[in-house]
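J.: These protein sequence lines map, in sequence, to chains H and S.
So the first sequence is residues 371 to 710, counted in the working numbering.
So the second sequence is residues 371 to 710, counted in the working numbering.
Treat the hints loosely; a few may be bogus.
A pair counts as met if it fits within one copy or between any two copies, since identical chains are not told apart.
[Claimed, not checked] Result set (SDA-like, lysine to any residue): computed pairs, CA atoms no more than 25 angstroms apart in a straight line:
hint : residue 1 : residue 2
1    : 662       : 448
2    : 400       : 533
3    : 376       : 562
4    : 468       : 387
5    : 376       : 616
6    : 514       : 533
7    : 399       : 534
8    : 399       : 593
9    : 643       : 680
10   : 519       : 381
11   : 399       : 538
12   : 519       : 576
Everything labelled a hint here was simulated from the structure, so no lab data went into it.
2 protein chains.
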Amino acid sequence: MNELRKDYLLSRWVVIATHRKRRPTDLVKKNAAFQATKLSSCPFCPGNEHMTPPAQLVFLASDDGNIVKDKDTDGLRHKNWLIRCVRNLYSAFSPPRKGESFEEGKAIGHHEVLIESPNHDEHPAVAKPQQLIQVINGYIDRLKVLSSKPYVRYVSVFRNHGLEAGASLSHAHSQVIAAPMLPRIPAEELKASRDIHERNGRCAFCEILERERKSPRLIMENQSFIAFAPWASVHPFEFWIMPKAHASTFKDIKPGPVKDLAIIMKNCLGGLKSLLNDPPYNYGFHIGPNAKTSEFYHWHLEVYPKLTIWAGFEKSTGIYINVVPPEDAAQNLKKLMKSQ
Amino acid sequence: MNELRKDYLLSRWVVIATHRKRRPTDLVKKNAAFQATKLSSCPFCPGNEHMTPPAQLVFLASDDGNIVKDKDTDGLRHKNWLIRCVRNLYSAFSPPRKGESFEEGKAIGHHEVLIESPNHDEHPAVAKPQQLIQVINGYIDRLKVLSSKPYVRYVSVFRNHGLEAGASLSHAHSQVIAAPMLPRIPAEELKASRDIHERNGRCAFCEILERERKSPRLIMENQSFIAFAPWASVHPFEFWIMPKAHASTFKDIKPGPVKDLAIIMKNCLGGLKSLLNDPPYNYGFHIGPNAKTSEFYHWHLEVYPKLTIWAGFEKSTGIYINVVPPEDAAQNLKKLMKSQ
Chain H
371 MNELRKDYLL
381 SRWVVIATHR
391 KRRPTDLVKK
401 NAAFQATKLS
411 SCPFCPGNEH
421 MTPPAQLVFL
431 ASDDGNIVKD
441 KDTDGLRHKN
451 WLIRCVRNLY
461 SAFSPPRKGE
471 SFEEGKAIGH
481 HEVLIESPNH
491 DEHPAVAKPQ
501 QLIQVINGYI
511 DRLKVLSSKP
521 YVRYVSVFRN
531 HGLEAGASLS
541 HAHSQVIAAP
551 MLPRIPAEEL
561 KASRDIHERN
571 GRCAFCEILE
581 RERKSPRLIM
591 ENQSFIAFAP
601 WASVHPFEFW
611 IMPKAHASTF
621 KDIKPGPVKD
631 LAIIMKNCLG
641 GLKSLLNDPP
651 YNYGFHIGPN
661 AKTSEFYHWH
671 LEVYPKLTIW
681 AGFEKSTGIY
691 INVVPPEDAA
701 QNLKKLMKSQ
Chain S
371 MNELRKDYLL
381 SRWVVIATHR
391 KRRPTDLVKK
401 NAAFQATKLS
411 SCPFCPGNEH
421 MTPPAQLVFL
431 ASDDGNIVKD
441 KDTDGLRHKN
451 WLIRCVRNLY
461 SAFSPPRKGE
471 SFEEGKAIGH
481 HEVLIESPNH
491 DEHPAVAKPQ
501 QLIQVINGYI
511 DRLKVLSSKP
521 YVRYVSVFRN
531 HGLEAGASLS
541 HAHSQVIAAP
551 MLPRIPAEEL
561 KASRDIHERN
571 GRCAFCEILE
581 RERKSPRLIM
591 ENQSFIAFAP
601 WASVHPFEFW
611 IMPKAHASTF
621 KDIKPGPVKD
631 LAIIMKNCLG
641 GLKSLLNDPP
651 YNYGFHIGPN
661 AKTSEFYHWH
671 LEVYPKLTIW
681 AGFEKSTGIY
691 INVVPPEDAA
701 QNLKKLMKSQ
């Protein structure tokens with residue numbers, strides 16, 4: 371008999387297939403997320419900066435070893451960058467022209483691509499921690515800049531890895547979208563966590579953190595973060611990375627925790643890569659969008675490996691079927707953490 | 371500038387890419403939903419009935435031309451069936467054993483496969499209308515039987531077409547799942563439509579129907595049904611089939627409307643097949659689960675072609691990006707209806 375589990379906060383049910391569960395080897399993809407086809411014309415590789423719009427942000431290594439923040443101007447493209455962030459040429463959201471508003475059904479906002487490294491294949495699973503720190507600092511910069519726009523209500527920072535997870539280019543990159551309304555999923559999480567906070571006077575996520583830290587779903591922890599497979603994981607090998615210190619957004623995160631985040635991301639994504647032959651995945655940061663949410667919301671990162679297909683049942687009911695119990699997922703990933 | 375649209379009922383936003391929209395030819399899959407690999411060992415083909423559990427339901431053609439309803443007994447497997455319905459060997463939900471309950475986190479319920487035809491390739495897009503009528507009558511039977519169980523709260527009837535849409539076997543088949551709780555998506559639809567009914571005294575879907583019938587999103591209509599691309603379509607070429615007469619469930623549908631449903635399903639799915647080279651898709655019936663919902667809920671069928679990928683943004687925010695405006699989808703499908 372399979373198990374039925376409900377999400378910590380959402381009215382979202384998952385059937386956990388304890389009955390006919392799958393082992394990691396059943397889910398290993400034949401092909402790694404990206405085939406080794408490196409295009410000479412990759413628009414994100416050094417030398418091809420002119421193939422993208424001017425960067426809204428570049429980090430440059432200065433001669434004295436410090437990092438300098440700058441941007442491209444229209445004619446100029448910076449060379450020798452560590453990361454660069456450009457407008458997405460296929461933007462879902464665009465800045466408002468005069469008089470355009472969300473209320474009129476316009477998709478106003480921003481849509482940017484954050485190129486994570488000059489090295490085509492420097493994905494987080496294999497990145498130098500120092501490079502991943504720059505990527506996270508880039509996320510923080512874009513989150514700060516975009517969330518300060520008067521027409522922006524929510525900023526989503528996310529990453530698609532592998533063709534099957536929707537990454538059309540294989541050069542290591544993330545994306546940032548600033549939307550003019552509070553989207554459905556954060557809205558539901560915010561409502562549920564506010565309700566719990568009003569009832570118990572405590573942050574729901576701080577309680578989840580305490581519980582999961584002692585559970586068989588814990589993958590690893592360091593000074594600032596824990597990584598665990600959530601109780602009602604929707605995806606096989608799904609895991610969340612959550613800061614131990616309560617904070618609704620990562621805008622104000624300090625250098626120490628940034629480094630700890632880089633290390634736990636690299637370890638967990640590295641574990642996923644070696645366990646399942648570099649599978650496609652998506653990740654997304656969940657954040658509280660404004661100061662009003664600071665007491666009851668708790669930011670975190672959710673990572674969804676793409677190993678199975680959502681079909682007619684999932685799409686028409688919103689119930690998910692997960693063929694790998696999160697306890698098994700965590701134990702398998704944990705073993706790899708130890709050997710790294 | 372792209373458009374931002376909200377679902378009729380749900381707080382679900384879709385970016386409609388009017389700005390960089392795609393034509394049908396951009397989305398045609400290279401491979402049809404199923405390659406022409408017909409296994410000699412297909413467990414759903416006639417002669418292989420022993421490869422499945424005994425049928426809970428078979429329709430047999432009797433000598434006088436009538437249809438006889440029966441079931442297999444353990445030793446016997448009926449031959450010469452028109453449709454048969456068996457327990458899914460990889461059940462997500464199972465009937466309760468003594469003392470097992472949903473409250474204890476058991477996935478109690480039912481999970482069945484409805485084999486739609488003895489002919490391996492008789493998918494709805496190409497089925498004889500008479501055969502599709504048997505399939506719909508099979509759905510009605512299973513809905514009636516399963517929703518009468520005391521531990522069942524919701525019955526989902528759905529179909530996965532093509533490997534990429536989650537169909538692991540290519541023989542024409544649908545599935546039926548009976549769940550012990552009201553799932554998330556129907557729960558949200560029910561709440562929203564009940565609220566509207568309380569405010570306006572009218573069924574929200576009857577109003578949608580009136581509006582869409584006169585809109586550029588109409589695909590076709592017959593005496594009992596309309597087919598249209600919904601205002602905030604999540605998927606490119608998504609369409610809904612909705613009965614003109616108000617009813618919360620199709621349990622009590624009469625033979626005339628059953629025939630009209632068979633014809634409109636065949637026409638629309640046939641149009642989708644010829645427009646996009648037999649693309650993978652999922653469909654699911656949305657129904658009111660009990661008599662209490664009869665005034666304000668309105669059953670319908672939602673069809674989701676699988677032509678694009680949900681990535682990190684969709685999965686972490688619940689905002690969708692649709693690269694084909696529903697007006698364009700409807701016009702393209704409509705043209706094919708006329709030529710059929």
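J.: Against this structure, judge whether each hint is valid.
T.: Hints, one by one, checked against the model:
1. Taking the shortest Cα distances, residue 662 and residue 448 never come within 25 angstroms of each other, neither inside one copy (38 angstroms) nor across copies (65 angstroms).
2. Both within a single protomer and between protomers do residue 400 and residue 533 lie at most 25 angstroms apart by alpha-carbon distance, with minima of 13 angstroms and 16 angstroms respectively.
3. Both within a single protomer and between protomers do residue 376 and residue 562 lie at most 25 angstroms apart by alpha-carbon distance, with minima of 13 angstroms and 22 angstroms respectively.
4. Taking the shortest Cα distances, residue 468 and residue 387 sit within 25 angstroms of each other only across copies (20 angstroms), while inside one copy they are farther apart (53 angstroms).
5. Only within a single protomer do residue 376 and residue 616 lie at most 25 angstroms apart by alpha-carbon distance; the minimum there is 24 angstroms, versus 33 angstroms between protomers.
6. Within a single copy, residue 514 and residue 533 get their C-alpha atoms no closer than 30 angstroms, and across copies no closer than 42 angstroms, so neither meets the 25 angstroms cut-off.
7. Proximity of residue 399 and residue 534 under a CA criterion of 25 angstroms is satisfied in both settings, with 11 angstroms inside one chain copy and 14 angstroms between copies.
8. For the homomeric pair residue 399 and residue 593, neither the shortest alpha-carbon distance inside one copy (34 angstroms) nor that between copies (48 angstroms) is at most 25 angstroms.
9. Taking the shortest alpha-carbon separations for residue 643 and residue 680, both the intra-copy value of 22 angstroms and the inter-copy value of 21 angstroms come in at or below 25 angstroms.
10. In this homomeric assembly, residue 519 and residue 381 come within 25 angstroms of each other (Cα to Cα) only across copies, at 23 angstroms, whereas the closest approach inside a single copy is 32 angstroms.
11. Proximity of residue 399 to residue 538 under the C-alpha cut-off of 25 angstroms is found in both arrangements, the shortest distances being 18 angstroms within a copy and 16 angstroms between copies.
12. In the homo-oligomer, the alpha carbons of residue 519 and residue 576 never lie at most 25 angstroms apart, since the shortest distance is 30 angstroms inside one protomer and 40 angstroms across protomers.
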